[in-house]
Amino acid sequence: MKILIADDSRVMRQIVVRTLRQAGLGGHDIIEADNGRTGFDAVVEHRPELVLSDWNMPEMSGIDMLRALRAAGLDVPLAFVTSEGSPEMVARAEQAGAMFVITKPFTPESFRAVLEPVLA
Amino acid sequence: MSVEVEVNENDLAEMVEQVWMSYLDPEGLSPLIPTYDENQPSEVHSSVSITGSWTGHVVYGCSTAAARRAAAAFLAMELDEVSPEDLSDVLGELANIVGGNVKAMLPPGCFLSLPQVMLAPEATTKYPNTERISGVYGLWDGEPVNVSMWQSRNDTKEEDA
Chain Z
59 MKILIADDSR VMRQIVVRTL RQAGLGGHDI IEADNGRTGF DAVVEHRPEL
109 VLSDWNMPEM SGIDMLRALR AAGLDVPLAF VTSEGSPEMV ARAEQAGAMF
159 VITKPFTPES FRAVLEPVLA
Chain A
9 MSVEVEVNEN DLAEMVEQVW MSYLDPEGLS PLIPTYDENQ PSEVHSSVSI
59 TGSWTGHVVY GCSTAAARRA AAAFLAMELD EVSPEDLSDV LGELANIVGG
109 NVKAMLPPGC FLSLPQVMLA PEATTKYPNT ERISGVYGLW DGEPVNVSMW
159 QSRNDTKEED A
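Quick note, the sequences are listed as chains Z and A, same order. When we follow the numbering used here, the leftmost residue of the first sequence carries the number 59, and every step to the right adds one. When we follow the numbering used here, the leftmost residue of the second sequence carries the number 9, and every step to the right adds one.
Hints in this document: simulated from the structure, not taken from any laboratory. Heads up, the beta-carbon is just placed ideally off N, CA and C, and yes, glycines get one too. Possibly wrong hints are sitting among the right ones.
Said to hold, decoys possible - Straight-line distance between alpha carbons at most 25 Å, and here's what the computed SDA-like set of lysine to any residue pairs gives: (1) Lys60/Z x Leu83/A; (2) Lys60/Z x Val75/Z; (3) Lys134/A x Leu108/Z; (4) Lys134/A x Asp149/A; (5) Lys134/A x Ala21/A; (6) Lys60/Z x Ser168/Z.
What the hints assert, rightly or not - Pair ranges (Cβ atoms, derived): (7) Gly82/Z x Pro136/A: 22 to 32 Å; (8) Asn162/A x Asp87/Z: 15 to 25 Å; (9) Asn47/A x Ala130/Z: 23 to 33 Å; (10) Leu87/A x Ser168/Z: 24 to 34 Å; (11) Pro34/A x Ala178/Z: 48 to 58 Å; (12) Ala130/Z x Ile41/A: 49 to 59 Å; (13) Ala73/A x Pro116/Z: 25 to 35 Å; (14) Gly150/A x Ala130/Z: 24 to 34 Å; (15) Lys60/Z x Glu89/A: 44 to 54 Å; (16) Pro136/A x Asp87/Z: 40 to 50 Å.
Please build the complete structure, drawing on both the sequences and the hints.
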């Protein structure tokens, strides 16, 4: 599966990739973007089957990227990986069409619990 | 607008512990040992600001050695492989993770800033009209790590009124 990881932290992008592997969900084709705008462009160019996105990023936030994707008719499944997991944010994410929210700090177990059904 | 602070030192300690368990010490071999010393020194720090129903800052400060060690743990690499960019990126992400979790405990209507990183002691950054309301201070393999919350005095004055 082709997966886009959007996060302004290069370190966090690496951790997401590593955690997927540790969760037994590795071996996918990974594309990276460092903000919502480049993430949007990467979706258009590479047509990933899943997007894992940070929320709080410069240039364009994750939620704005999601809204832009949906407005452009791109319905790629998107999940947020963010430190901001309040009920308010989860509701906003779901309203905008996100699958779910994974809260930082996360573990391989928490990744497996939500992503295994999607990636299996 | 102001709200009562709903994040206490125990909450902050739990968030810090989760960061240790998830990224810095997943095997539980090197926990952060509390010192309760809010004056312990730091050499580098990062922060995020929260504005809205609560206004203030969350600051992560530590020694350069602790920051390098955190970067090595985050990136699963050796200490001497950590670049200055890695160190800054990890410091920013640590403030972002703790700050985001703090924000999640506050009432709706708060905004979290992007992190700022300063490769200088915490004392070099001033947060005007704020006071430190909470903190977790400890040693990680003998190196100081401080996580503190600073609240706008405008907020605290309204609470006192």
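Against the structure, the hints:
A threshold of 25 Å between alpha carbons decides the hint, and for Lys60/Z with Leu83/A the separation of about 23 Å falls inside it, so the pair holds. The straight-line distance between the Cα atoms of Lys60/Z and Val75/Z is roughly 12 Å, inside the 25 Å bound, and the hint therefore holds. Proximity of Lys134/A to Leu108/Z is assessed by CA-CA distance (about 42 Å); at most 25 Å being required, the pair is judged violated. Straight-line distance between C-alpha atoms of Lys134/A and Asp149/A comes to about 28 Å, which puts the hinted pair past the 25 Å bound.
Our distance criterion of 25 Å between C-alpha atoms is met by Lys134/A and Ala21/A, whose separation comes to about 23 Å. For the hint pairing Lys60/Z with Ser168/Z, the CA-to-CA distance comes to about 21 Å; that is within 25 Å, so the pair holds. As the Cβ distance of Gly82/Z to Pro136/A is approximately 49 Å, the hint placing it in 22 to 32 Å is violated. Range check, Asn162/A to Asp87/Z: about 50 Å between beta-carbon atoms, so the 15 to 25 Å window is missed.
For Asn47/A paired with Ala130/Z, a C-beta distance near 53 Å fails the hint of 23 to 33 Å. Checking the proposed 24 to 34 Å range against Leu87/A and Ser168/Z shows it holds: the Cβ atoms sit about 28 Å from each other. Restraint check, Pro34/A to Ala178/Z: a C-beta distance of roughly 24 Å breaks the suggested window 48 to 58 Å. The hinted range of 49 to 59 Å is satisfied by Ala130/Z and Ile41/A, whose Cβ atoms lie roughly 51 Å apart.
Roughly 29 Å separates the CB atoms of Ala73/A and Pro116/Z, a value that falls within the hinted 25 to 35 Å. Remark: the range hint 24 to 34 Å for Gly150/A to Ala130/Z is contradicted by a beta-carbon distance near 53 Å. Under the hint 44 to 54 Å, the C-beta atoms of Lys60/Z and Glu89/A, about 29 Å apart, miss the expected range. Range check, Pro136/A to Asp87/Z: about 48 Å between beta-carbon atoms, so the 40 to 50 Å window is met.
Violation of the numbered hints given earlier is confined to hints 3, 4, 7, 8, 9, 11, 14 and 15; the remaining hints are satisfied by the structure.
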